[in-house]
Amino acid sequence: QKEVEQNSGPLSVPEGAIASLNCTYSDRGSQSFFWYRQYSGKSPELIMFIYSNGDKEDGRFTAQLNKASQYVSLLIRDSQPSDSATYLCAVNINSGSQGNLIFGKGTKLSVKP
Amino acid sequence: DTAVSQTPKYLVTQMGNDKSIKCEQNLGHDTMYWYKQDSKKFLKIMFSYNNKELIINETVPNRFSPKSPDKAHLNLHINSLELGDSAVYFCASSQDTPGLAGGDTQYFGPGTRLTVL
Numbered sequence: 637q638k639e640v641e642q643n644s645g646p647l648s649v650p651e652g653a654i655a656s657l658n659c660t661y662s663d664r665g666s667q668s669f670f671w672y673r674q675y676s677g678k679s680p681e682l683i684m685f686i687y688s689n690g691d692k693e694d695g696r697f698t699a700q701l702n703k704a705s706q707y708v709s710l711l712i713r714d715s716q717p718s719d720s721a722t723y724l725c726a727v728n729i730n731s732g733s734q735g736n737l738i739f740g741k742g743t744k745l746s747v748k749p
Numbered sequence: 032d033t034a035v036s037q038t039p040k041y042l043v044t045q046m047g048n049d050k051s052i053k054c055e056q057n058l059g060h061d062t063m064y065w066y067k068q069d070s071k072k073f074l075k076i077m078f079s080y081n082n083k084e085l086i087i088n089e090t091v092p093n094r095f096s097p098k099s100p101d102k103a104h105l106n107l108h109i110n111s112l113e114l115g116d117s118a119v120y121f122c123a124s125s126q127d128t129p130g131l132a133g134g135d136t137q138y139f140g141p142g143t144r145l146t147v148l
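First to last, the protein sequences are chains A and B. Under my numbering, the first residue of the first sequence carries the number 637, and numbering increases by one thereafter. Under my numbering, the first residue of the second sequence carries the number 32, and numbering increases by one thereafter.
Check before you lean on any hint, since a few could be wrong.
Cut-off 20 Å, straight-line C-alpha distance, at most; resulting in silico cross-link-like pairs (DMTMM-like, lysine to aspartate or glutamate) [as the list claims (entries may be wrong)]:
no., chain 1, residue 1, chain 2, residue 2
1, A, Lys703, A, Glu651
2, A, Lys678, B, Glu89
3, A, Lys638, B, Glu89
4, B, Lys53, B, Asp116
5, B, Lys72, A, Glu639
6, B, Lys72, A, Glu681
7, B, Lys75, A, Glu639
Think of the hints as simulated: they come from the structure by calculation, not from any bench.
Bound conformation, chain A alone (with noise of 0.2 Å):
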């Protein structure tokens, strides 16, 4: 059974903080990764994806990807109150040809103002 894992909060940080959401998964052959951001009633929003060890930024959003501890991670800096949202973590088994998108239950996060 390919699993993702995700602590599913809440995550509470003050405006400005850094948040820092983290993700496991079991499936070694694993090939991309995917952080997606959902509102409450809203449908997901891709955050980044990610395909190589190290980290890759986006403006306030930093992916880090280690392959050898099946680990991905997701930084937020300067966190906003319109960051508050659950993030889901996605990890694509099939890598290439048609995906299969594993997902987390996903990690809540609150910032507060």
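Given the structure of chain A, go ahead and fit chain B onto it with the hints provided.
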């Protein structure tokens, strides 16, 4: 200019009925998907489909069937609805170009909230 659209947004129906949810994408993507998000917000793949292959999650009851009239549409038909089918159903699509960074990124529709009474 919505990328992935679904209709209806809300669907309330009686147990035992048959219903369909429609999905359309104008991104020119090759693969489309259906997901179910339950009350605990767990998002789980039901089907993935392109013009070559339909992959069915083995846990999906055969009361659920995807129907694709063309590459841009993947509808979900549900027979004999049960209380446990109440959930939000999301359609998604991806380009799935091998070797293209981000090519397997999936883009989601707005969701259909199904309530079975």
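> Where does the structure disagree with the numbered hints, that is, which hint numbers, in rising order?
Replying inline: The structure conflicts with hints 1 and 2, although it agrees with all the remaining ones.
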